[in-house]
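Novice: Given the sequences, and given the hints that come with them, work out the whole structure.
Here's the letter readout for the chains.
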Amino acid sequence: MSNSPYAVEMYDIVIRFPGVLANDHVNFTLKRGEIHALLGENGAGKSTLMNVLSGLYKPNSGVIKVNGQVVTFHSPRDAIAKGIGMVHQHFMLVPTQTVTENILLGLREPRFFMNLPRYERKVQELQAQFGLRVDPKAKIWQISVGEQQRVEILKTLYRGANVLIFDEPTAVLAPQEINDLIATMRALVAQGKSIIFISHKLHEVEAVADRITVLRKGRVTAEGLPMAGRTRRELAQLMVGRDVVFTLEKEARTPGEVVLQVRDLKATNNKGAPALRGLSLEVRAGEIVGIAGVAGNGQSELAECITGLRACDGGAVSVAGIDLTNQPPLAAILAGVAHIPEDRTRVGSSPNLTITDNVIMKTYRGEPIGNGATIDETKAEEYARSLKQSYDILAPSVQTLARKLSGGNLQKVILAREITTNPKVIIAVQPTRGLDVGAVEAIQQHLLQQRMAGTAILLISEELEELMALSDRIAVIYDGQIMGIVDAGQADINEIGLMMTGTRQTALHAS
Amino acid sequence: MALPITVSVEKRTEDAPRWMPAATSVGAVVLAFVVSGVVLWLIGVNPFQVYGFFWRATFGSWAAFSDTMVKATPLILVGLACTVAFKMKLWNIGAEGQFYMGAFFASLVVLAPLLPTDSPPAIVIPAMMIMGMVGGAVWGFFPGVLKARFGVNEIITTLMLNYVAVLWNNFWIFDRWSDAGFQMTPTFARNAWLPRLSDYARTYPIFSGITLHLGVIFGLLAAVLVWWVLHRSRWGYEIRLIGDNPQAARYAGINIARNIILVMMFSGALAGLAGMSEISGVVHRLQERISPGYGFTGIIVAWLAKLNPFGVILVSILFGALIVAGREVQPSGIAQMIQGFVLFAVISSDVLLRYKIRLVRNVGRPATAGETA
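For the record, the sequence lines run as chains H and L.
Per this note's numbering, the first sequence starts with residue 1, numbered consecutively.
Per this note's numbering, the second sequence starts with residue 1, numbered consecutively.
Heads up, some of the hints might be wrong.
To be verified - Derived contacts from chain H toward chain L, CB cut-off under 8 Å, selection only:
#1 L309
#2 H339
#3 P341
#4 G348
#5 N352
#6 Y364
Worth flagging that the hints you see were computed from the coordinates, not collected in a lab.
From the three backbone atoms N, C-alpha and C, an ideal C-beta is built for every residue, glycine too.
Specialist: Below, the structure is given as structure tokens:
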């Protein structure tokens, strides 16, 4: 081992993509035995930089040193040979094979005979060393997401990684699993490994990082700052480039007439089990009603029944007096229901079509974009360009394919499309999930503007903080029913928590 | 063992440049001819001589080019039929059957007869065109409805209906309309023939012997129509959206079931028009084997053209030329071999669009394992 205090040094890294400078003379250094957080909004160039380090991309210029030695990577294999391992956000595991088999996958050894017990012992030794408990004989499909992530970590350690890159590792984990992961990262560092932690969740960065490097639009805005003494607000400012409002300014507004009315709604989920059991709800003009609840208690089905994507078995849905019960999606669209769907990529957008084609999805039928049987390409492009401008969508052009957009920009495309139809009702499902600080703020502001404009908004979210900040009233859903409705101003977190686990509001106050 | 040079295949991090798809396709066709040339040379013939024959037979004179275009015409229409359906990821393998039903329905105009036998061509020809398209559309309608209403796999239904269509045709030409016991109907009267250039040879001697018929114009106009529908019309937008992401299309309020039926009918109508153009422009009667598998070749044409309507025209001309060339040389399998190589080369050339292939010189590369440990 050399004497350099740095495990990894990257200097003046430049990566050019068509129309974008993804990394603009980026410097990044990782000390041996530290956890270094790499912060930045979606599309800031974090993943690009890490893809350079893991040998996936070749930089247009720049120098990479590992342990003080200049290296050139031609493929991920070269990077692994130098002890750099990536723990991917989306696991690369074979579900029907065991933990050990997955760890051995793609290695030169074992050559032909699988002496599994021998390798299981080796895996167990590694586990003992770093405190990563998983049964080496278990099949991947049998183990939890948190354990699968441990397998990914073991995979990189088995390949001799000294530098581990964690790409947004907490995105897929439950709160308890996040604590375990943080403990694991600490254990790894204590044993002399070095960790790069990619994230845009500020509280996690606060909890684990020794130093931070912040990227914004491909440039470094803070290089290797010690974490101690930084505030969240300061970090957010470095990421976004301006002061971020953590507390949203919500103006007072008296709600108008009831616009969305849901009465005694019943529906089943994809497996045919009851998902909604007589749910009733009203949303007024200029009001945001938040739906709080643990995922899988009927939130998705509620949104789909209102927007016509799912048939209901009973009850009624109406918008501004128009009955939408079991009507096709087009009826809901024509009645003025906008929908920000839960799944941006599979439902909300069409990956291989352009931004233009994606923003006209709800407006191509009529003037000015639809023109009899034809679509006026010029008008459509103009429309897309104006939305790109006013919603600050970052993309080389409106001809860019949707699949090339980052999560935040894709969500802005969807939001822009839905809001510009001048809806009476917006059904927003997890509108800010997985987005970075800047995009979250932009989307929340747009929703508040729509509230002031008199739109009735149903906001379904798993982030209680977001619900409290945006909603006028919060309805708590449990097992397909509303347990109770509270005014957001006087909401008590404990009370909401109890309702989320199935206690009725009436029962709460009776006791 | 260390070779001085290794081939490194890297996934492209960005899209291939715009010119590349066309360039690699053309390169692949050239390569296919080169490889075929080597095979010809190995069996002891001079490939240049063979290709010389091919050229003279297919593009060497106006008459030769006309022959090529006559063969390309049904391929263009059938290729477009597949393009429309494939754009929506609707796998219509039934263009062959739709072609036969188009031919049958068009024949009804003359043989039923639906029109008085002495009607002028200006009425008979459009009537045959309409009936041809109706016939193909009907043959697309059934699998369309089955898919839209009951989720029946269209690959199976369209494939099976091909056989039904051929046998249906056989029944009529053997049993009902047979010309003196042969498996063909009597020749149609002249008013049911598509005009050919040779018809004008008396006024323009240059056209003498040129068999190119009006069907080629149908093909070219249909390419423009299909392009317009797919890329400029509201309907085409819906087709592209459904093809790319049916869930998003449903979310956008598009009726997918209706579009499945309509697209199958549109696709069938184009294939049916090909059948009409073939009997009215070339054979002038309904008979057995009016198609040497045009419906299946159309699938390949659409695929090689990457679902681009104008690409369909170019690929059809190439394939038409290969069909003509196959008649000119012995054994005729040579043309089929070239067809196979073209298919193989063009489809594999897609690799170049997704991967970068570089030669890496192995000089002074350090040992790879155990350095850092």
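Novice: Against this structure, judge whether each hint is valid.
Specialist: Hint check results:
1. L309: Nearest chain L Cβ about 7 Å off; hint holds.
2. H339: With Cβ-Cβ at 7 Å, under 8 Å, it holds.
3. P341: Since the shortest Cβ distance to chain L is 6 Å, the answer is holds.
4. G348: holds (7 Å)
5. N352: At about 5 Å, which falls below the 8 Å cut-off, the nearest Cβ of chain L leaves the hint on N352 of chain H intact, so it holds.
6. Y364: For Y364 of chain H, the interface hint holds, since the closest Cβ of chain L sits about 6 Å away, which is under 8 Å.
The structure meets every hint from the earlier list without exception.
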